[in-house]
Amino acid sequence: MSGKAKTAIVPTRSDDYPEWYQQVIKAADLAEVSPVRGCMVIKPWGWSIWENMQAVLDGMFKATGHENAYFPLFIPMSFLQKEAEHVEGFAKECAVVTHHRLEPVPDGKLMPAAPLDEPYIVRPTSETIIGAMYAKWVESYRDLPILINQWANVVRWEMRTRLFLRTAEFLWQEGHTAHATEAEAWEETRRMLDVYADFAENWMAMPVIRGEKTAGERFPGAVSTLSIEAMMQDRKALQAGTSHFLGQNFSRAQQIKFQDQNGQEAFAWTTSWGVSTRLVGALIMSHSDDDGLVLPPKLAPKHVVLLPIYRNDTDRANVLAYCDSLKRDLEAIPYANGRLRVQIDDRDIRGGEKAWHHVKRGVPLRAEIGPKDIAQDAVFLCRRDTGTKASTPRAPFIATVSQTLDEIQANLFQRALKLRQDNTVTIDSLADFQAYFTPKNEERPEIHGGFALCHFSDDPAVDRLLKDMKVTIRCIPLEGDKEPGRCVISGQPSSQRAVFAKAY
RNA sequence: CGGGGUGUAGCUCAGCCUGGCUAGAGCGCUUGCUUUGGGAGCAAGAAGUCGCAGGUUCAAAUCCUGUCACCCCGACCA
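Quick note on numbering that gives the first Met the number 0: the first sequence kicks off at 0 and runs consecutively.
Among the clues, some could well be false.
[What the hints assert, rightly or not] Once the Cα atoms are required to be at most 35 Å apart in a straight line, the calculated DSBU-like pairs of lysine-lysine come out as:
| no. | residue 1 | residue 2 |
| --- | --- | --- |
| 1 | 81 | 501 |
| 2 | 42 | 235 |
| 3 | 353 | 439 |
[Said to hold, decoys possible] Just the calculated beta-carbon pair ranges, DEER-fashion:
| no. | residue 1 | residue 2 | range |
| --- | --- | --- | --- |
| 4 | 190 | 445 | 27 to 33 Å |
| 5 | 406 | 330 | 17 to 23 Å |
| 6 | 444 | 136 | 49 to 55 Å |
| 7 | 251 | 150 | 45 to 51 Å |
| 8 | 10 | 142 | 17 to 23 Å |
| 9 | 152 | 64 | 21 to 27 Å |
| 10 | 117 | 427 | 51 to 57 Å |
| 11 | 28 | 445 | 25 to 31 Å |
| 12 | 464 | 330 | 52 to 58 Å |
| 13 | 349 | 395 | 49 to 55 Å |
| 14 | 491 | 443 | 56 to 62 Å |
| 15 | 386 | 214 | 52 to 58 Å |
| 16 | 64 | 485 | 30 to 36 Å |
| 17 | 150 | 312 | 34 to 40 Å |
I should point out that these hints are in silico values taken from the structure, not numbers from a laboratory. Beta carbons: idealized from backbone N, C-alpha and C, even for Gly.
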């Protein structure tokens, strides 16, 4: 056939980045849009990645003293109304359940029959329902802290959706904690941000900037919102996790109060923090290339795929036997938080097609094994991240495979870090700022911009200009210098720089 | 919710303006043969109430009315 297909994914990243993203998901068989508007079906390969993320994060939460629990999907509407800013932030995107029970009507259809006295909303987040329970559970300072996480689905009725990045229903974890003191709650907020940063960098191989959101970008009802921000390959920012210091706002609204050691009544200090299936989208956009998905080994559903190659039944039996024994040896090797995950793909399809299948799905290592390899007691080993291929004798392959995976993991991180470093600039003039964020081709914007470190001010005129340019203040970095300057847009005095970027 | 667009085979689409044979193509799928160390070739085959409901007509994928769904662009967002 054409045979000249240079890339497995069409279009390429530079041709049309958003379309490339969709095609990678399709080629890797991660997920599909469903018949339900705005909701996705996560398919086994995509789900497996999420499961791996969950397992690691869950371990981290438990290692920091948290326990899992589960709260209802439905929240009485009145609960949401208790915190004014919270209502304002979420009301527009809530799905509302107004009835129970369906009854047949004459034309053979079904109609909701019994209206609810008080409508339920489908949780967009659970501060209110969890807070209502905490109010019952907390009486004394001895009941604090409460450190609970839940793994759940939530619904936010978004206008426009994109697989993994923004869907009407998504999966996440939400941690909700209550503390006796402000300092302790702040410490918790910071601790969980660090957990997220650790996970992003050391498991997803995705460098992140930890920072604080400006007032406009804050979680509705929070005193302060911290986030980790990552740069995707199109140089747009993606918020990958958030940790909120809620102060006493929610505990006041929900009467989470206790008697302190002096017998005084006090409101608890609360936090909440979460990451979602959006992380899968972040993973895709951080590492994948024009041949499809590229997975960091520590989160890959399979680390090594063995591809048997044979022409006749005799070869077939020998090659499969060799693969079986190699698989057993490999699966005994410890890696990351478990053991090596190995697959033999013995489907009866052509070798080339089979190899591409696994390239597109992002399996870190591919070993092709045929009679010639077996004769030399070797495998033909291919690395997904670099595309390098080499005949590798079995013993050294087994001895170094976990090290090779570590190298791939490190390479992906370094590659992503370099992309961010190469596309992070310091800007001090409005003209430079506008030039930086303006594409050369307004009709079909090419990949442009990046992270701009600029002084800023809280001013309506600044907000307006940023909105026009579709640029947002991602965060005020926690680390980095704090020297004062003047807002790049308004010229007003500013105490430190923030990260500006176009964002998902 | 504003502006634009599209519904025809599993997928991508042609056909519609100018109504008329058994509604087409590519990809995919099934079967057979030949192939097989980097996305195979040839041949045969299965597969569509043309989004839905009315209407006009001898005759509707095609014209008219209504309706539903989805997509793109904006406003909103993890």
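Here is how each hint holds up against the structure:
no.	hint	verdict
1	81 to 501	34 Å, holds
2	42 to 235	26 Å, holds
3	353 to 439	40 Å, violated
4	190 to 445: 27 to 33 Å	40 Å, violated
5	406 to 330: 17 to 23 Å	20 Å, holds
6	444 to 136: 49 to 55 Å	51 Å, holds
7	251 to 150: 45 to 51 Å	28 Å, violated
8	10 to 142: 17 to 23 Å	57 Å, violated
9	152 to 64: 21 to 27 Å	25 Å, holds
10	117 to 427: 51 to 57 Å	54 Å, holds
11	28 to 445: 25 to 31 Å	29 Å, holds
12	464 to 330: 52 to 58 Å	57 Å, holds
13	349 to 395: 49 to 55 Å	29 Å, violated
14	491 to 443: 56 to 62 Å	36 Å, violated
15	386 to 214: 52 to 58 Å	46 Å, violated
16	64 to 485: 30 to 36 Å	44 Å, violated
17	150 to 312: 34 to 40 Å	48 Å, violated
The earlier numbered hints that this structure contradicts are 3, 4, 7, 8, 13, 14, 15, 16 and 17.
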